[in-house]
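Trainee: Protein chains in written order, with the numbering used here: chain V, 1 to 527; chain G, 1001 to 1527.
It should be emphasised that the hints constitute simulated quantities derived from the structure, not laboratory data. Keep in mind that a hint or two might mislead.
Said to hold, decoys possible - The following residues of chain V were derived to be distant from chain G, with all beta-carbon distances above 12 Å: (1) K41; (2) E85; (3) Q98; (4) V155; (5) I211; (6) W232; (7) E312.
Said to hold, decoys possible - Label-pair distances were calculated between CB atoms; the ranges are: (8) V/G59 with G/A1239: 16 to 26 Å; (9) G/G1018 with V/N421: 48 to 58 Å; (10) G/P1011 with V/I31: 49 to 59 Å.
To be verified - Which residues of chain V face chain G? A partial, calculated answer using Cβ under 10 Å: (11) L70; (12) S76; (13) P88; (14) G116; (15) V369; (16) S372; (17) G373; (18) L374; (19) G431; (20) T470; (21) L472; (22) K480; (23) F515.
Just so it is clear, CB atoms sit at the ideal spot from N, CA and C, and this is done for glycine as well.
There are 2 protein chains.
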Amino acid sequence: MSSALNFSDIPSLRQKLGPLTGDIAPVTTPIMFKSPRCFHKPPAKSFQHRLSQEALSRGSATLKTAGTELNADVISLATGRPAPEYFPFLNMTLDFPQSSNFTEDDQNSSLSETIGKSDIKTNKASYDLAISLNYGYSAGSEQLIRFFTEHVDVVRNPPYSDWQCSLTAGTTSALDSVFRTLCNRGHYIMTEAYTYSAALEAARPFGIRSIGVQMDEEGMVPAHLDNLLSGWDVSERGASKPFLLYIIPTGQNPTGTTQSLQRRKDIYAVAEKHDLYIIEDEPYYFLQFQTQKTEVYANSDQPPRSDPKLVETFLNNLIPSYLSLDVSGRVLRLDSTSKILAPGLRCSWMTGSADIISRFLYLHDATIVSPSGLSQLALHTLLDGVWGHEGFVKWLLYLRDEYTQRRNITLESCSKYLPRNICSWSVPEAGMFHWIKVDWRVHSLAAAYSKADYVAGNIILKTEDRIYSTALKKGVLCCKGSAFRAGGVQGCEIYFRVTYATASLPQIEEAIARFGMAIKEEFEVGV
Amino acid sequence: MSSALNFSDIPSLRQKLGPLTGDIAPVTTPIMFKSPRCFHKPPAKSFQHRLSQEALSRGSATLKTAGTELNADVISLATGRPAPEYFPFLNMTLDFPQSSNFTEDDQNSSLSETIGKSDIKTNKASYDLAISLNYGYSAGSEQLIRFFTEHVDVVRNPPYSDWQCSLTAGTTSALDSVFRTLCNRGHYIMTEAYTYSAALEAARPFGIRSIGVQMDEEGMVPAHLDNLLSGWDVSERGASKPFLLYIIPTGQNPTGTTQSLQRRKDIYAVAEKHDLYIIEDEPYYFLQFQTQKTEVYANSDQPPRSDPKLVETFLNNLIPSYLSLDVSGRVLRLDSTSKILAPGLRCSWMTGSADIISRFLYLHDATIVSPSGLSQLALHTLLDGVWGHEGFVKWLLYLRDEYTQRRNITLESCSKYLPRNICSWSVPEAGMFHWIKVDWRVHSLAAAYSKADYVAGNIILKTEDRIYSTALKKGVLCCKGSAFRAGGVQGCEIYFRVTYATASLPQIEEAIARFGMAIKEEFEVGV
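Looking at chain V on its own, in the form it has when it is part of the complex (with noise of 0.2 Å):
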C-alpha cells in the first residue's frame, strides 16, 4: 500500500520542486507535479492497440517541437507568438466568494484578486496576463495543471504509476477527442441503456454506433455487460468486439442512479476480463447526497463549517472513481467545471495513463491549442490563490448541501402533486436529475392505439409526446426520456428527465404541480 497524502503535505511538496519558471518552452511536464508515493506503485497497461486509425497517424507539432530546442542563450525566431506588449489587457481584477462564506448576499466578505500582466517577472504571482494571453501547452498551464494533479493525486490516489492530468476544453470537447482517438468508423461504443444524449450525438457522425447495458438501481448491470460481450458475434453484429465503455457512475445522467463501490468493483472486473477501455464521465461527482447510505450528519444537524475533520469526513464518504481502482490504466475519468464552477469557463480536466494522455496532447496541438487562458487564469487564481485545496472541497460541500435541498423539494413535489398510481420513481442519490416513470398502460387512450403502434413501439412515443405537449401548454418543459435511449435499448417504457438545476426552489414545486396537472389531465383522472 503507498502512503496517505493529505492537502497539508502539498506545500511541503511544492518546495521541493522549487517555483514554476513560466517559460515559453514546455518543458515542465505534469509528472513534475506528483507526490513521490505514485512512482512506487507498477505502470499502467498499454492501451495503444485500442488508438484509432486517426490517432495512430499523429504525432507532436513540427513547431511545437522546434520550441524544445530553446534555453536562456538562444533567440527564437521561430514561432510567431505575439510579444506580450501587445495584448491590449492590462490587468484583470476578480472578485470571488470566500471559503468560509459562500451566499451572495453577503458580499461585504468577498475576496478580490488582481492579476498584472508581468506579474511573473517581478515575482509576484506565479501566473500572469503574459503567460495566460500567450499560445500555451496542450495540457494545460503548469500553474493549473500543477492544481490539478495534486488534487487528483490526494482525491483520487490511482493505483498505478504513470497517470496524468491534461485540462480538457470542457467535457463536451474531450468527449469528441476521445471518440477520435479510440474509435473508427463502424465501432461499436458500450453505453448504460439510458445515456447522455449529446455522447450519443457525438459519437454517431463517426459511424460509431451505441449499444445500451440494461440498467437496475445502482445503474449499469455488470451481468447483463458481460453477457452482451461473451455472447458478442462478429458476423451477425457487422463489427468487432466492442470495448469502449462509457458511463456516467454518480448522478447518472438522465436516471439519477449512482453506482455502489460493489457496483463499480463488478463492472471494473468485467472490463478487465474482456479488456475493456472505460471513459468515467463524472461531472455530478462531488454532488453526492446525504442519503442513508453515504449520511455525514443529518441535515438538521450540520457541524460548523470549522470542523477540521469537515474535508477529510466529506471526501472520505465519497463512493470512490474508477480512477481510484484502476490498476491497469484502462479508465480515463473526465472531470468538469461544469456544474462545480461554471459551464462558461469551457475548461475542465482529465486523467488517465500517460500513454493514452499523451495521443490527447497531440489531438489537441491540431485542434483546441489549449483551453481559454482567460480561464485558466480565473481557475487558478480562484482555486490555487483564493481558495486553496481543501477551500474547493469546502465549495463543493456547500454545493452538494444546496444541491440537496433541491433535490429534497424535488422529491417532496412529486409525492405532493404527482398520482402515485400513474407516476413513480426512485431517489436520486446524487446529481442533478430526476427521472420519472409513467405507466402508460393506465392511459385511458391506450385501448385506442392500432395492433400496427403496439408492434412498432409507437405507442410510447404517441403517448410519451401527448405528455410533454399536455406538459409544455401547461407551462413545463421536460426532456422526454426516448432521447436518452442507447442503440439495441427497447422502449416498453415512458420516463420524463426533470432537473432540479436551474429554477429557484417555488418554481421547481410550481413546475412539478404544472406536470402533475398535465399527467392527470392526459390520463382524465380527477380532472
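Let chain V serve as the given structure and place chain G on it in line with the hints.
Mentor: Relative to the frame of chain V, chain G by itself:
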C-alpha cells in the same frame, strides 16, 4: 450596387433592432445584426455537394432543440444549466489601453471596466457574468457576434445576401472543423507550395493529402492552379478532383508573400471555373505595411492620430479580402484574434454562407460548445465597450505600424549581416514572417555529396539541417523551410523562415547577426 455602410451608421442600426435580451434560449440569430443593404444582394450558391460524410450525419442537438420551446411563461426543468448563484465569480474588472494611446508605459490613461454577475438584469450592461459563465450559443454570444457581424458588414461587405458570422475557438480549431466538414478520407486539398505546417498536420490524420500549387512574388500562381485542375487524372491520382483550396493571401506563412487584388481576382476566377471552395486564412490581414504599393503616408511623416479620415484611409488602402469578391458564397474567411489581440483568448471568428456556417454550428454543439465565456466577455468589453469599432481599427493601425518597424529592422539587419551572394529575399509587404533563401549550390561542401544524395534530394535536407544546427549553436532558432512544404512539391531550394513577432528590436538585430555568422561559417566565407 449596394449602398455604403460606415461605422457611424451602426448606432442607428442597433436602435432599430432594440436591446439584446440576454435570454438563455437561442432565439437571436446573427442574421438580425446585418444592415438592410445585405438583403438586396443575390443569395449564395449551395455547397451542400461538398459536405463530408461526417457533416452530412450531423443535425442539431436534442437538448438544444428542446430549449427553443421556452417562453416567459414556461418553467424549464429540461437542461441542466446551473443557476448563476452557483458561479463563484462575482465581478470581473479589466484594465485596457485607451485607443488614443497604446503604449504600456503610460498606464495612467488606461481604462477600467467592471462587469458584474447580473448586470443585464439591473440594466447596467448588455452582457454579464451570469450569461457568459453559463452554456453559450454555438455561434457565440449575441453580444459579441453582433460586434463581429457589424465589423464584417462595414469592412468586408460580402457581395451576397446570406452570409453569416460565427465565433470559433481559435483558427486551429476552426481548421480542424473545416477538414471534418468538407473532406473525406482520401481527398486532396490544394495549398500554396509552402504553407502553414500546422494546417498540413491537421489534415494528415484524416487521411487528407495536400498538393502544393506553385508560387511567385505574389503568392499562389493562378495558371498553375488551373493547369493542375484541368489536367487532373482521377485514375493516376487515385482520388477525385480536389475542390478545397486553402490559402493565406496576406503575409503568407511562411513566405511572407501578399496577393495583389488582381491576383485574388484571378484565383477566384479559377475557383469559379472549377467550382472550388476557398478557405481564406487571414491572421495577418491587418498587418499590411506601408510599402509603395499600399502607401498611406510616409513613415517619417505620419498624420496625427486625430485625423478624422485616418480609419477610413487605413481600411480603404487594405487589399480586399476574398470574402469581398465572393459573388457565389464559396469562401470561408477565418479571422484570428491571436496576432492582433491575444492567442490565449482562443476566440476568433469566421464568415461564410449561412448554408455552410450552419454545419459548423452543429459541429460546435458536439465539440467546443462555444468559446470561453470569459474570453468572450473580455473581448466584448474591450471591442464593443471601451474601443468601439473605430477604436478597434485604430489599434490595428497601431499594430501595423509596430510590425512595420519590426519588419524594417529585420530587413536592415539582413542587409547588414547576411552575405548577399548566398542569401536572398523579397520584402514582406504584410505579416510577421521573413523568408530567406540560401543558395546551397555555393556551399563549399556541395561537391562532397554523392550523386545519390542529389537524386534523392537529400542534399537539400542535409545542408538545411547543417545550417539550422550551426545557427542554433550560434544562439538563434529559425524554422527550416522544408517543414512547410506541401505535398507534391519538389524541394530544390533551401529556405529559412524567421519571425520578427516575438524578439525585441535589439534581439532581432543580434539574432540576424548570429544567423549571418552561421551562414558564413557553414559556407566558409570570410571566417
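Trainee: Now, for every hint given, state plainly whether the structure supports it.
Mentor: Tested hints:
1. K41: holds, 32 Å
2. E85: violated, 6 Å
3. Q98: With a cut-off of 12 Å, V/Q98 comes too close to chain G, as the shortest Cβ separation is near 10 Å.
4. V155: The assertion about V/V155 holds, with a minimum of 19 Å to chain G.
5. I211: Per Cβ check, V/I211 is outside 12 Å of chain G; nearest 18 Å; holds.
6. W232: Per Cβ check, V/W232 is outside 12 Å of chain G; nearest 25 Å; holds.
7. E312: Correct as stated: the minimum Cβ-Cβ distance to chain G is 22 Å, above 12 Å.
8. V/G59 with G/A1239: 16 to 26 Å: This hint holds: roughly 23 Å between Cβ atoms.
9. G/G1018 with V/N421: 48 to 58 Å: holds, 49 Å
10. G/P1011 with V/I31: 49 to 59 Å: Taking Cβ atoms as reference, G/P1011 and V/I31 lie about 55 Å apart, which means the hint holds.
11. L70: holds, 6 Å
12. S76: holds, 5 Å
13. P88: Because about 5 Å separates V/P88 from the closest Cβ in chain G, which is inside the 10 Å limit, the hint holds.
14. G116: Cβ of V/G116 sits 9 Å from chain G, so the hint holds.
15. V369: holds, 5 Å
16. S372: Cβ of V/S372 sits 3 Å from chain G, so the hint holds.
17. G373: Check passed: Cβ of V/G373 comes within 3 Å of chain G, closer than 10 Å.
18. L374: holds, 4 Å
19. G431: Holds, about 9 Å.
20. T470: violated, 13 Å
21. L472: holds, 6 Å
22. K480: Nearest chain G Cβ about 8 Å off; hint holds.
23. F515: Because about 8 Å separates V/F515 from the closest Cβ in chain G, which is inside the 10 Å limit, the hint holds.
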